[in-house]
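Participant: Residue strings, one per chain:
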Amino acid sequence: MGAELIKLFELIVSASLVNNFVFTWFLGLCIFFGVSKKMETAIGMSITFTAVMVISAAISWLVFRFVMVPLGIEFLMIIVFIGVVAGLVQGSDTIMRKVSPGLYYKLGIYLALISTNCIILAVPLMNVGNKYSFIESIAFALGSGLGFSLAMIIMASIREKIELADIPVPFRGLPMAFIIAGMIALAFTGFSGLITL
Amino acid sequence: MTGKDILKITLNLAVIYIAGGLIIALVHAATSPIRYHNKVVAEELALKSLVPDADKIEKLGDWKIHEKDAKYFVAKKGEATIGYIVQSYGKGYSSYINTLIAVDRDFRVKKVKILDQKETPGLGDEIEEDSFTDLLKGKDADHLKVLKTETTEYVQAITGATISSRAVTDDAVRNGVKFIKATITGGGAGHVGR
Amino acid sequence: MERSRDQNRLIVSTSPHIRSEETTQHIVWSVNLALLPAALMGIYFFGPMAAAIIAVSITTAVLCEYGYQKALKKRVTIDDGSAVLTGLLFGLTLPPSVPLYIPFVGSFVAIVLAKQLFGGLGFNIFNPALIGRAFVQISFPKLMTVWLEPTAAFVFIDAKTTATPLGILKEEGLQKLLEHSGTYLNLYTNMLFGHRPGSLGETSVVALLMGAAFLLYRRYISWHIPVSFLSTAGLLAWVFGGSEGLFTGDPVLHLLSGGIILSAFFMATDYVTSPSIRKGQIIFGIGCGFLTMLIRLKGGYPEGVMFAILLMNCFSPLIDRSFRSNVFGAAERKGLLK
Amino acid sequence: MSDANQISYWELIKNGILKENTIFKLALSLCPAIAVTTSLKNGFFMGVAVVFVQVMVNLTVSAMRKFIHQRIRLPIFMLVISGWVTVVNLLMDAYVPDVYKEVGLYIQLIVAFASILARAEMFASKNRLTPSLFDGLGMGLGFLVALVFISIFRELFGKGTILGVSIIGAKPLLILVLPAGGFFAVGILMALFNWLYARYAAKPGAH
Chain A
1 MGAELIKLFE LIVSASLVNN FVFTWFLGLC IFFGVSKKME TAIGMSITFT AVMVISAAIS
61 WLVFRFVMVP LGIEFLMIIV FIGVVAGLVQ GSDTIMRKVS PGLYYKLGIY LALISTNCII
121 LAVPLMNVGN KYSFIESIAF ALGSGLGFSL AMIIMASIRE KIELADIPVP FRGLPMAFII
181 AGMIALAFTG FSGLITL
Chain B
1001 MTGKDILKIT LNLAVIYIAG GLIIALVHAA TSPIRYHNKV VAEELALKSL VPDADKIEKL
1061 GDWKIHEKDA KYFVAKKGEA TIGYIVQSYG KGYSSYINTL IAVDRDFRVK KVKILDQKET
1121 PGLGDEIEED SFTDLLKGKD ADHLKVLKTE TTEYVQAITG ATISSRAVTD DAVRNGVKFI
1181 KATITGGGAG HVGR
Chain C
2001 MERSRDQNRL IVSTSPHIRS EETTQHIVWS VNLALLPAAL MGIYFFGPMA AAIIAVSITT
2061 AVLCEYGYQK ALKKRVTIDD GSAVLTGLLF GLTLPPSVPL YIPFVGSFVA IVLAKQLFGG
2121 LGFNIFNPAL IGRAFVQISF PKLMTVWLEP TAAFVFIDAK TTATPLGILK EEGLQKLLEH
2181 SGTYLNLYTN MLFGHRPGSL GETSVVALLM GAAFLLYRRY ISWHIPVSFL STAGLLAWVF
2241 GGSEGLFTGD PVLHLLSGGI ILSAFFMATD YVTSPSIRKG QIIFGIGCGF LTMLIRLKGG
2301 YPEGVMFAIL LMNCFSPLID RSFRSNVFGA AERKGLLK
Chain D
3001 MSDANQISYW ELIKNGILKE NTIFKLALSL CPAIAVTTSL KNGFFMGVAV VFVQVMVNLT
3061 VSAMRKFIHQ RIRLPIFMLV ISGWVTVVNL LMDAYVPDVY KEVGLYIQLI VAFASILARA
3121 EMFASKNRLT PSLFDGLGMG LGFLVALVFI SIFRELFGKG TILGVSIIGA KPLLILVLPA
3181 GGFFAVGILM ALFNWLYARY AAKPGAH
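Chains as they are written, first to last, in the numbering used here: chain A, 1 to 197; chain B, 1001 to 1194; chain C, 2001 to 2338; chain D, 3001 to 3207.
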């Protein structure tokens, strides 16, 4: 049992720091660059993202294991998983609007952005690729979500700080964001070798 | 929403599903033999490149090392056994290094091939190069040992990548060789993997 | 492009608490001076090649800053000494055997990519010297892991290559390290004076501490970051650093080895890339110490100081921000409850 | 955009490559721009896959534009996209297995490219077949060209090779084929594109 827990912990640390989705897999970059201009939106996005990631990973795992494998239609996983994500987003949109309008007002706008985001889709695909168990899949999704949130929050705080810096014109905006991301990635290299999976 | 709308939507979905399903099924059917073939051929080629003079390589069984599934094979020329191939894993710097090891009938290493690794680029990933894997040739289990000093009797570490060198030599290859030796000579499944 | 410079200067309220142009200049040159003993010790131990590396590194840094500012028609600020400091710091972190294009590439990256692109001194997020160091570390991994035995003579000698104390500690353990130098006392004295393999400016702890004492005395740096950094690292080394279980590690050895002294006093304390509020500085220091030991004990690299400081540089705006607006995320919470 | 009849096909292609370049101008679909551009071969095949999907999606959507009910238009588009992505995924796995092994995940993630959905919605659903074909081709080629540029830059300076053939004879800056260097490379090339674009393409009279 102890070894199991340690494995899960390692999986979370690995997905969030050592193999951070943004800095080593380059996933979710559109959102990462698009939404990290302001801290408030970055935090809202992070919360929504992590929640959707964990839930969609869980549902996708169940669907894959108990529907697709028995039917032998694993090759359709792209279509099925995007359906799961889209359905989940639509569902949580409706539920949130009814149950908690305040929360919806705050996070609803991010939900719309999620269904066309690669990071949400990548988690179930990678879970299948790595043959993770149900619990491992959830741990992986959680770690990925936390790592993505960390990346977003760091990036937002840095971009707020350099807002008024005298950056050469062609570099303003996105190119500079890329350079900064490169430097964060450089710093994150320090985590490599921390965990062997 | 009128009945006409509902009819149209239903029709939309039906057409999309039928057409899409047809196209995907066709492509799937057309490519699946090729994809299957690719995988089998790739594995065969990898095995073949390890023991080029064998004309038949047969799978003997599965074993586990570092909780990972690995296979082992026998290489034959005509009816005579000329060696064995064993797959093994070693715990490296930042990844488990997947290796294939060919041994002769005296369980000395003939050739080592790194199938998959994610060691430090430019440093640890030199384990993939012939200049390193050639060092392992001709060694038996007792001499599969990494030293940091100059040596030909044992295996000399790659400068700056001792851990990766050790992961291949002391972990993957040595355990693989020990396992295949115990399995073949002892008849049973000697379990040396951790 | 031609946004008024005065306007910019007013906005720089976060990190560099620059009171006037003169004092910044004065402080930066004093830091350069404080590093001089360590640089001289490096040249003494590793020979004239060390001097050449430092020279190339400083020259490149200054020329790049000059060239960039000329090319973009900005005011040339090389006389503030910050380019010299970046070049010097970067040079001191290099192994003494590197070919001379490495200090060139690294200094270029440090000045152009990590400093000037951000708008120059005061706006950079990351310590330029460390970005340069990390860049060459990853680009030339092989050359950056060759270490020389100190010769201690100011002469050209084909020095033997060897492993650093941290490298030996990581791969072969404390016992092996002791074999190298005989007794504990020998080991400690060698480490203290710098008679050990390592980056050319990091080995002589005594020289570095002299410089640091001077800066602390003149109040050019405050004690918060170095003290919290070193004590966290020492504590963790003692608790987790031993091979015979908890509380058997050797904190002194860890504090004397690697680049931790150089980094704690001269890099982590950089005004621009560390938090400006005292509490923030202590958190920054603890973070640096924690990450350094995490990488040293559990990570892939033998030395973690460089990555630890770069990582904390990432968090520095966040730390500053959270202390500025009292409760971090208060605005969000209010929104959620609505 | 709906008056596409007056725009020449050449203009449509140029629009995709320059004015609305997916990566450099619109900053969409950035993930593969870094992930697969460590070698020209990978970058090229990724680009080809995107061209294929974009063109086929545009054609499908354009052909069905009068038939699709407005209410379920977006889900239908998503279905069409994921169908074509599945097809290209299977094809790549079968015919270029060595590339697929490295970029497979990102091929599958073409599904989530905002740019493909955007073109289907903004252009193909309002235009006839031929303009849609050229629009898809232009947008896809813009992506392909960007990917090819980035991967040449990274492979040449990171590994010293082009298509695996040694050009420089050494590994000049290994960092360029690693994550951090990928960000630097894209950032620098993007700034270069901005600079050149501002200098030449955006000037009135250049069109």
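Hints are computed from structural coordinates only; laboratory data are not their basis.
Only a predicted model underlies this, so the values are computations on that prediction, with no experimental measurement involved.
Careful: at least some of the hints might be erroneous.
Covered stretches of chain B (chain C as the covering partner; in silico rule of three or more C-beta atoms under 8 Å from a C-beta of chain C) [said to hold, decoys possible]:
#, region
1, 1008-1021
2, 1155-1163
Incomplete in silico selection of chain C near chain D, CB under 8 Å [stated by the list, open to error]:
#, residue
3, I2138
4, P2141
5, T2145
6, Y2217
For glycine and all other residues, C-beta sits at the position ideal for the given N, C-alpha and C.
Participant: If a hint holds in the structure, say so; if it doesn't, say that too.
Facilitator: Right, here's what the structure says about each hint:
1. 1008-1021: Not satisfied, violated; 0 residues make the cut.
2. 1155-1163: holds (count 4)
3. I2138: holds (5 Å)
4. P2141: Hint on P2141 (chain C): holds, closest Cβ of chain D at ~7 Å, below 8 Å.
5. T2145: Interface hint status for T2145 (chain C): violated (13 Å vs cutoff 8 Å).
6. Y2217: Not OK, violated: Y2217 (chain C) not within 8 Å of chain D, min 38 Å.
Hints 1, 5, 6, counting from the list given before, are not met by this structure.
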